[in-house]
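Which chain is which? The protein sequence lines are A and B, in order.
Residue numbering for the first sequence is 1 to 568, as defined by this note's numbering.
Residue numbering for the second sequence is 569 to 896, as defined by this note's numbering.
Hints may contain errors.
Short derived list, chain A residues pointing at chain B, Cβ under 10 Å [said to hold, decoys possible]:
id, residue
1, VAL232
2, ARG239
3, ILE266
4, ASP419
5, GLN447
Just so you know, these hints were derived from the structure itself, not from any lab.
The structure presented is a predicted model; accordingly, all values stated were derived computationally and were not measured.
Quick reminder that beta carbons are idealized off the backbone N, C-alpha and C, glycines included.
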Amino acid sequence: MKKLLALGLVGAAAACGGDDSGRVTFSDPFCADVMPRVQDWVDQQREANPVPDDPRYGGTVVAGAIGEIADGLNAAVTSDYSSSQHQMFVGLMTLIEYDADIQAQPYLAESWEVSEDGTELTFRLRDDIYWHDGERTDAHDVAFTYRTVTNPETAFPNAAFWDYYVRGPEGVEVIDDFTVRIRLQPHSEFLNAWSTVAILPEHLLGDVPPAELRQHPYGSVCPVGNGPFVFVSHAAQDRWVFDANPAFPEGTGGRPFVDRYIYRVIPEPTTLLTELLTENIDVYFAPTPDQAPRIQEAEHLEFQTFTFRNYVMVVWNSRRPQLADARVRQALTMGTNRQEVVDAILRGYGAVAHTSVPPFHWAYDPEIESLPYDPEGAAALLEEAGWVDRDGDGVRENADGVPLSITVKYNQGNQIRQDIAEIMQAQLAGIGVEIEPLVVEWGTLLQQINTPELRDFDGVVMGWVTEFRLDDTDLFHSGRIDQPYAWSGTQNPELDRLLDRLAVTLDRDEAAPLWAEYQDALIEEQPYTFFYFIERLDGWNRRVENVVMDQRGEWVNIRDWYIDPASR
Amino acid sequence: MTRYVVRRLLGAVPLVLGIATIIFFVVNAAPGDPTLYMMAPGMSSEVVEQLRVNYGLDQPVHVRYVKWVGAMLTGDFGYSFSYNRPVLDVLMDFLPNTLVLSACALGLAFLVGIVLGTIQAVKQYSGLDSALSVVLLFFYSMPSFWLALMLILTFSLMARNVWDWPIYFPASGITSTGHDFMGPWEQVADRARHLVLPTLSLALVLAAGIARYMRGSMLEVIRQDFVRTARAKGLPERTVVFKHALRNALIPVITLVGLYIPVLFSGTVFVEYIFAWPGMGRAIVEAITRRDYPLVMAASFFFATMVVLANLLADVLYAVVDPRIRYE
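Chain A with its partners taken away, still in its complex shape (with noise of 0.2 Å):
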């Protein structure tokens, strides 16, 4: 039995590799080619770049989340929030940045012009970014990552960031070797996806076929990224290991404070917890609502949330007789306390939501006239649209003797929503109106609800992560109807006229009031009933200074972060 054990060990302590000199090495061919490079420049960066006399620099920082870091670095097929977020602030680097009110900020690119008739988008980028095996980042980067993205065969999931751009290498031009240009049809907010799809390296990724880019051990086994922090090693649902860039410049931050970002996958919220509690872990990204006052106790923790993103709602089916009436849609909404939900079932730590537009957002009217909670009132419109209890069974019927019974789907696993349709239930029962909520496997159910010859359902609880473009054409417009997401089948022509207005409109001074009439008109016609946008949590230790999270992100300035020196 020792000797099992002592067997296991030694097997165990020979399976991770590293040679003799403490350098992680790749079986992988490719790794194994470029991996030795990459470790050899930043040997030398660090010898040219002595680490600058402040005692900030210095220090490993741990952070520790449930789930991994799904597609790695490779912005081209990347759909999940971390990756996207550890491509655009640790490893890899974006054209532009966001600040803190969502203005777009050089980056790479040191400026950009966009020409009169504005179809031509031209970036100037820095000259003093390297990839980390010692090329350097130029403009047929930017063209062959903009060549990669907009090709069909990669497949890259937000297509629609192209959706007013000229895909393909048409649409792209380098005109010198920091000055790349784009074309583009005029539309709001086209920088967006330039803050979001970081820039991959041509010369080791150029000669990849694009549909096997997806496969390609650049995502997840040996990235090589331009960013703050150089890739170190990755061992699968475990932790991903980042070192600072030593030569990263002063004009985009200078290298960042600590030495090492580790991150660490552990799937358990408990154990998440218990780790933070005892100093495991600096940094535990989205803890859940109720693990928060065991964070706030803790006198070595800080914790902080932000409105995120997200939003959860409940979708309308329009196409069913019973939810083909607006004032019937209404009243639902009107029938339910969403406040009480978001402090029931999140501890308080959402906001309700009254349409896609986040709270934070620019696009968001303070003003808005929201559908309160009347339950009277609700009653009264259902009424108005013709349903009247009139066999006396408690729920109300129309003319046709169709009772006002709706169907309220939700994904097998999650608590949340399964109470957001109990919950329904219930209030909505008070005002004549039968819920019943069902239970359906996830996968079953994205194909009931996406097919559109199927559209297998009368309300379903849902979640949406918008971008900072704010864009709901694929959910609302009539033109989309036959698209998988048009989920609540609105036909509304004044809502197409905004739609298709907005999606152009360049100016922010003047989308705004088209915003604010494109809210009105969203609440009027309620294709959903909005619950609220969540907030995420976190929570990390008082050692880790000068952390900034907010709606960009939890990672947005990992390079400013620094350790109390006198915790090391």
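Following the hints, position chain B against chain A.
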């Protein structure tokens, strides 16, 4: 004996293939596919279609089955959809972690179970026997995941933050974050420290069961004539128990090895989640929810093979410890 083993191994081939076939069709019959998990506004149906082509999901299921079997026979298990890497590479990352944990847990469980069971049998009806019975029943009826949380609470959180013990155990992971900068012995010690809590939470539950078996088996043997003869010829009680009785009492317990190996794989899922242990159990559960067909197939293929091999191993061990059993 060799012929027997070869025959059993050959018999296992159609069995494992049959299991793989059933799993393939069941997994593919489940509604939804991997593209659904990337759903976001802005992801058009063209993108979804292209993804399905890139994944090879545009072909009918029987075509994919034939391709899968063909590739598998040449050792190619394809690419994992969720890890974007060759499936075998992914499994090779997780497998050693699971094997280390399972081997330690199984080893500890049998060691503790056999020792306690023997003590109980020898001291039958004593106060010690009853006390151990109560304790063992307590652990036996406790689910691993609950025990795991209690161990974390006690030996990690309370030990460090409240009671200030000189030693406490990490609640998650296989190594510390400073592992790369440690000396070789420090690294081994670090790994061992991380193994303690997950091993205990798996092993204690198993050990309790094994002790019950061991006690029963030992009691049966200890009453037999040859033991009485050994005592009668004046052998010390130690020799009687350890040399004559114990070896014979161990025979039925060996069957348990074959039975517990699969239990360990399924039991590790919870423990791997709670202790953030990057092992096979977690890999397969996540692969199923994300409809990562190639990974699900390869992992279940592996599990099936393990179960068949474990049973074979138990049968062979039988023959080794019990000269009365011969396979012809």
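Against the structure, the hints come out as follows:
Residue-level restraint check for A/VAL232 holds (minimum Cβ-Cβ distance to chain B is 8 Å; threshold 10 Å). Of the supplied interface hints, the one on A/ARG239 holds, with its beta-carbon coming within about 7 Å of a beta-carbon of chain B, less than 10 Å. Given hint, A/ILE266 at the interface with chain B, holds; its Cβ is 4 Å from that chain's nearest Cβ, closer than 10 Å. Given the 10 Å rule on beta carbons, the hint for A/ASP419 is violated: about 21 Å separates it from the nearest Cβ of chain B.
Taking 10 Å as the C-beta cut-off, the interface hint given for A/GLN447 holds, the closest approach to chain B being about 5 Å.
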